[in-house]
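Novice: Residues per chain are reported as follows:
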Amino acid sequence: MPAVKKHRIVDSITLDSIMSSLSDSKRIDGRGLLDYRDIEIETNILKDKTNGSAKVKIGDTEVWAGVKVETANPFPDTPAEGVMTCNAEMLPICSQYIEPGPPDEDTIELSRVSDRGIRESGMIDVSELCIKEGELVYSVYIDVAVINEDGNLFDAVAYAGTAALLGADMSKFTIEDDEVKMLEERQKLPIKSLPISTTFAKIGDKIIIDPNADEQEIASARLTLVTDENGKYVSAQKGKPGGFTFDELKELSTISKDKGEEIRNKIKEAVENGA
Amino acid sequence: MPAVKKHRIVDSITLDSIMSSLSDSKRIDGRGLLDYRDIEIETNILKDKTNGSAKVKIGDTEVWAGVKVETANPFPDTPAEGVMTCNAEMLPICSQYIEPGPPDEDTIELSRVSDRGIRESGMIDVSELCIKEGELVYSVYIDVAVINEDGNLFDAVAYAGTAALLGADMSKFTIEDDEVKMLEERQKLPIKSLPISTTFAKIGDKIIIDPNADEQEIASARLTLVTDENGKYVSAQKGKPGGFTFDELKELSTISKDKGEEIRNKIKEAVENGA
Amino acid sequence: MPAVKKHRIVDSITLDSIMSSLSDSKRIDGRGLLDYRDIEIETNILKDKTNGSAKVKIGDTEVWAGVKVETANPFPDTPAEGVMTCNAEMLPICSQYIEPGPPDEDTIELSRVSDRGIRESGMIDVSELCIKEGELVYSVYIDVAVINEDGNLFDAVAYAGTAALLGADMSKFTIEDDEVKMLEERQKLPIKSLPISTTFAKIGDKIIIDPNADEQEIASARLTLVTDENGKYVSAQKGKPGGFTFDELKELSTISKDKGEEIRNKIKEAVENGA
Amino acid sequence: MSENNIERISGRATDELRNVSIKAGVIKNADGSALIEFGKNKIMAAVFGPKEVHPKHMMVSDRAIIKCRYHMMPFSTDTRKRPNLSRREIEISKVIREAVQPAIIMENYPRTAIEIYIEILQSDGGSRCAAINAASTALADAGINMRDLVSACAAGKANGQVVLDVDDQEDKTGEADMPIAMLPNMDLITLFQLDGNLSKEEFDQALELAKIGCNKLYNLQKDALSEKYFNENNGKEEE
Amino acid sequence: MSENNIERISGRATDELRNVSIKAGVIKNADGSALIEFGKNKIMAAVFGPKEVHPKHMMVSDRAIIKCRYHMMPFSTDTRKRPNLSRREIEISKVIREAVQPAIIMENYPRTAIEIYIEILQSDGGSRCAAINAASTALADAGINMRDLVSACAAGKANGQVVLDVDDQEDKTGEADMPIAMLPNMDLITLFQLDGNLSKEEFDQALELAKIGCNKLYNLQKDALSEKYFNENNGKEEE
Amino acid sequence: MSENNIERISGRATDELRNVSIKAGVIKNADGSALIEFGKNKIMAAVFGPKEVHPKHMMVSDRAIIKCRYHMMPFSTDTRKRPNLSRREIEISKVIREAVQPAIIMENYPRTAIEIYIEILQSDGGSRCAAINAASTALADAGINMRDLVSACAAGKANGQVVLDVDDQEDKTGEADMPIAMLPNMDLITLFQLDGNLSKEEFDQALELAKIGCNKLYNLQKDALSEKYFNENNGKEEE
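Protein chains in written order, with the working numbering: chain F, 1 to 275; chain W, 1001 to 1275; chain C, 2001 to 2275; chain U, 3001 to 3239; chain E, 4001 to 4239; chain A, 5001 to 5239.
Okay, chain F solo, but in the shape it has when bound:
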């Protein structure tokens, strides 16, 4: 049975101050209910060992992502498809509440939701990750490290992972006389879209976007919605032991699309700057 994680302690002064701000439709740090904190994105920060990398800060939350593209045998049931894996890790440097050890259920959820956000959006065309059918494919690893935790890891990990992928490159191969040969030139990854994650939290009857660590801790429910460039919903995940009404879900889905568009542009810009 997965471990029930030790919870962040929110003192009563902070709690009161969050609640009284919210009753005025304000946030403890002065934001409006639907304002993100400052988002900083920098790519290509680990040039020497990765194929692509990015650092993302959302307020005091900081994550680093590295992409490694290796070659592997394809899975028997998908001989013409490459492999893509996204994995998030809570480093013990990121918070006094994280102990080193195998990933707990929160981290596994974070990894799997990040992975699905990229996978289900069709961001990467895995059929273009095939080098030689049945024999050799690209295997793309996206590893994301949480360096400092101040809430909304779902979005931070997603932005870092997608920014690192957008900026990444990989070897080029050719097949001569049935033999695979690596070429000198390199190529970008087969990126088809840029999915954007937005995350909400519900405290009492108020819904906020981009919760910080304290807000997230006291929230009854969390919702992550991922949209693509065409305004389609590609992935979603509710978290925490509470719920949303039908009307709330419908409203949040509209907000998610608009906020997503803004952030998508930020990521594109950062990747261009980092190239």
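Honestly, I wouldn't trust all of these hints.
Derived lysine-lysine pairs resembling DSS-like cross-links, with alpha carbons at most 27 Å apart [what the hints assert, rightly or not]:
hint : chain 1 : residue 1 : chain 2 : residue 2
1    : F       : Lys26     : F       : Lys240
2    : U       : Lys3172   : F       : Lys132
3    : C       : Lys2057   : C       : Lys2181
4    : E       : Lys4200   : W       : Lys1257
5    : C       : Lys2240   : A       : Lys5200
6    : F       : Lys188    : A       : Lys5040
7    : W       : Lys1268   : W       : Lys1192
8    : U       : Lys3200   : F       : Lys206
9    : W       : Lys1057   : W       : Lys1206
10   : F       : Lys181    : F       : Lys57
11   : C       : Lys2240   : C       : Lys2268
12   : U       : Lys3172   : W       : Lys1047
13   : W       : Lys1188   : U       : Lys3081
14   : C       : Lys2206   : C       : Lys2026
15   : A       : Lys5211   : C       : Lys2240
16   : F       : Lys57     : A       : Lys5028
17   : C       : Lys2181   : E       : Lys4172
18   : W       : Lys1132   : C       : Lys2181
19   : E       : Lys4081   : C       : Lys2188
20   : W       : Lys1181   : U       : Lys3172
21   : U       : Lys3040   : U       : Lys3216
22   : U       : Lys3023   : W       : Lys1057
23   : F       : Lys172    : A       : Lys5081
24   : U       : Lys3056   : A       : Lys5056
25   : C       : Lys2268   : C       : Lys2188
26   : E       : Lys4200   : E       : Lys4172
27   : C       : Lys2192   : A       : Lys5200
28   : E       : Lys4200   : W       : Lys1206
Simulated from the structure, these hints should not be mistaken for lab results.
Starting from the known structure of chain F, fit chains W, C, U, E and A onto it as the hints suggest.
Specialist: Chains W, C, U, E and A only, in chain F's frame:
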């Protein structure tokens, strides 16, 4: 070092009542010393994902077995033999005394004794599980889940496993021009015999058959004897930190054969009904 | 995070007696500061299942080593090199302070330092462990079991491992028509040198060689130096949370060479006697 | 909503569920239990508790803690599953616990644990929703105080059309799957996931369809509980 | 019983053991220990205790608890064994503990643990029986109060004939192997396993043969203990 | 010592380090932290504590206990590293803890734990030395009482010549690597390892070179700490 399992608690009223019944050569549930509880066997209960399946109830003990036949590479030292594995799992739904987690030593013993009962009896002819020598063989997995625990799992798991195997089928292959091809038709597994397990427990100087959970807990020693259709002894296992005398072993071996014959007929009948 | 091991308890009488001896430049067992205890080496003690074996006693410390030479596929990045692995295990029989379980950080350090002592000295020429490039190589396993622990395991494990290797033999292969065939005759392993480990401990400002378990426990720092036949330093490891001065390191490196020469002759002699 | 444009492979209407049956009280040693058959899914849920908390430091002074494990038997899948808990099973255990917990009046059981064990004996599409229906029924069967039942069902998109309860065959060409769980009498969605590709209109439409499905499941859960209660009372009267 | 019909590969009589030697007191740091060589088996057993129980919750107020681990060194087998404990080793640890425990007067050591560690340095057929003989000798060497020694030996069937102590070569064509352990003075069989194929007559015959074997082992165990005692006393006199 | 016989691949002098930069106070949630870039190494160290000890039985009544974990991110190496802690990482965690511990005045913090976490974000030759420099800076940044900083640097042999701070390119044909850590003001070497092949003269020469390197690192560590202090004070004045 394997964990020493938390033991079932038998309250003093139950204990007294078991002991006073036994002093009259009776059981707490009215049975005689050498009576089994009602045995119900049903096969083919999981048609959609298994190659064979069975549900067995002995009194309130309930186990489900599923057989999966897959193909695999043979082991290098037995290139012309298929593979057979029997595994038992104590599900946490089966009892308040079972915690989820890796198998404890009792469950490992249960699995291994079930496996040996099938293996040593030659029930399956592994040489007929070879598809292409050195390249491809059948791999037969028998997984048995304990759904409700009320003693005598050794017999219940054995009956469910063998009944599921008897009713199972598998693909047929042919070799054309050195290539393995799967045929449309299916075939039964190469079953050579039907081993039957009988389990005894010793409480004080009394020996009973088919102990329920309370009897099993207070018993000093347990004995499982497996016999085949020819009245041969193919497998045995003493359990619990106590012992039997030589005379007791000789007597129980005789009883085991007779009881086994009755139960063997029950299983055959159930498989015919389930087909 | 690796477990912090339970420490040996050294009672105050023993502690006082070690300290007062040291103040006279003596050891609790009468040795001088730079005297080894008696070293006994016996090879070929496990003839039936190993390719080479040795038992080493240093005082009451006893370890057994077994060498197994198997064949394996080479690693992709070293297609023409065989594989060598040295592993030490603290058996729970060796001390009341050892609990069975996965290796703790002390045991991992012991294994890795032993492995590096053999590897870095070039004792085995791994290029001669190639049978057929890219396809088949020898895989040499050196497993060392600690039977009784009374300090200085680093040296004991090293001596047992090297003595077992020196006495070991392995199959001979030939390649005919691109097929590997095993020959009847056997051959020695491709041994190129005989590295010798010497281990020091610092208690207060005194430095001793070959510490026993109590001395080792109260020492502030430990130093293992490995030298080869040409008087070269091939491997070193400081242990324990204390340190040495530069002058101490320079002095100990000189002593290490001289002591190493004595012990090297002992091992050679033991291997000749065991052959 | 049930007027079809394209016929579904199974012949079902867009708002039609696969066959579902729920039976409460199937495991004698458990405090509460249920067996659900949902399409080809065969799933057992058992509840133990309120009981002592192990390990002690997980005890909470003013309410119960809820443990939940979703586990698939090796024989429940197309190719044999390895027995150890996968990352997928760990995530599903978590989302199911978080879906069911809001229904439990935990403050009635301070310093205790309530354990929910779910065993997938035969798997099919929608096993997490089926499991939630079984778990919720088992909780009620165990007599745990609840604000409401939790009912679960997925909507999705297949062959370009938004439909209820996508099955395995539809899933192969399926464009989206959106499992939800809700407390039907409280208009609260406690499980919500989506994988696929839905426009805003389809998103809203799928939500409505899933709501219809959950209400159907709610009735089946109530029936299972009253049937068990009726039979038990029956039994008692006969004594 | 020792009249041979067919000659055994090893030339042994049907009731003849392989070479066995037992030495007590071989590990200085242990409270008790023994080294047994049984055919090609080389096995060490060490006993620690009675000692404090870890973890505490395993402590029993009116008797000792017994822990037992049977472990094979990587170099002890034909092909190198991986260092971690296999399921086979876990099962054998359990059956050995249950075989030895009835001999220990556990109520003399309330609230303590007695630990038995068995290390297979070189393995051969019959290692579990050899290990029991070593473990029981080590327990006595540790001064643990015992009702009796535990002596162990296997009977079996090879080349169609029931024989004592089947060895590796016989085992290749062997039809059955039946390891037993007993408390010789109490007529109590505390380990009993069988794999193979025996008729009722052969079953009874094998039991009788194994009994003969156990009695031989019993004498070797006693010799080992008295030799150690004699030597120690000897040693003391010389001081 | 800095007169070159053979030119190094990097063009560095024999006693010249790769580029090094250290920054203190980079992780907000940690009590102390540092980022070091050392050649291509990018390494973060964070310190938490003094804090409560978990598990309790590890608590020591008269001093702090030190925990240390050296961990490499999967993307930090040439080929992706599996996420779980390797035996190499466990050994390095231990030698780093033992290198740093002598500098900490542990008796000032009885019954507490001080935790040091090191994360390798990009690895290059000499990562354990770089990590020690970062860890020691992070400890000072956390305000932990220390006898001295711990400064670390490797010497080695490449192209037949003893040089400071062997880099990856040199390492490919490198004959020896000797990482050391020291308390510069106390002439105490607290990490010492060697792999390779050195004569007595080379051994002594490498020791001297490493000492020079450690002193350079010591100054960089001090600069990083005073820069952070200066900036913080600056910041405060501006308020």
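Novice: Now look at each hint and say whether the structure bears it out.
Specialist: We went through each hint and held it up to the structure:
no. : hint                       : result
1   : Lys26(F) with Lys240(F)    : holds (22 Å)
2   : Lys3172(U) with Lys132(F)  : holds (25 Å)
3   : Lys2057(C) with Lys2181(C) : violated (40 Å)
4   : Lys4200(E) with Lys1257(W) : holds (9 Å)
5   : Lys2240(C) with Lys5200(A) : holds (25 Å)
6   : Lys188(F) with Lys5040(A)  : holds (24 Å)
7   : Lys1268(W) with Lys1192(W) : holds (13 Å)
8   : Lys3200(U) with Lys206(F)  : holds (23 Å)
9   : Lys1057(W) with Lys1206(W) : holds (25 Å)
10  : Lys181(F) with Lys57(F)    : violated (40 Å)
11  : Lys2240(C) with Lys2268(C) : violated (31 Å)
12  : Lys3172(U) with Lys1047(W) : holds (21 Å)
13  : Lys1188(W) with Lys3081(U) : holds (23 Å)
14  : Lys2206(C) with Lys2026(C) : holds (10 Å)
15  : Lys5211(A) with Lys2240(C) : holds (21 Å)
16  : Lys57(F) with Lys5028(A)   : holds (12 Å)
17  : Lys2181(C) with Lys4172(E) : holds (26 Å)
18  : Lys1132(W) with Lys2181(C) : holds (24 Å)
19  : Lys4081(E) with Lys2188(C) : holds (23 Å)
20  : Lys1181(W) with Lys3172(U) : holds (25 Å)
21  : Lys3040(U) with Lys3216(U) : holds (18 Å)
22  : Lys3023(U) with Lys1057(W) : holds (18 Å)
23  : Lys172(F) with Lys5081(A)  : holds (23 Å)
24  : Lys3056(U) with Lys5056(A) : holds (14 Å)
25  : Lys2268(C) with Lys2188(C) : holds (15 Å)
26  : Lys4200(E) with Lys4172(E) : holds (23 Å)
27  : Lys2192(C) with Lys5200(A) : holds (21 Å)
28  : Lys4200(E) with Lys1206(W) : holds (23 Å)
Violated hints for the displayed structure, listed by number in ascending order: 3, 10 and 11.
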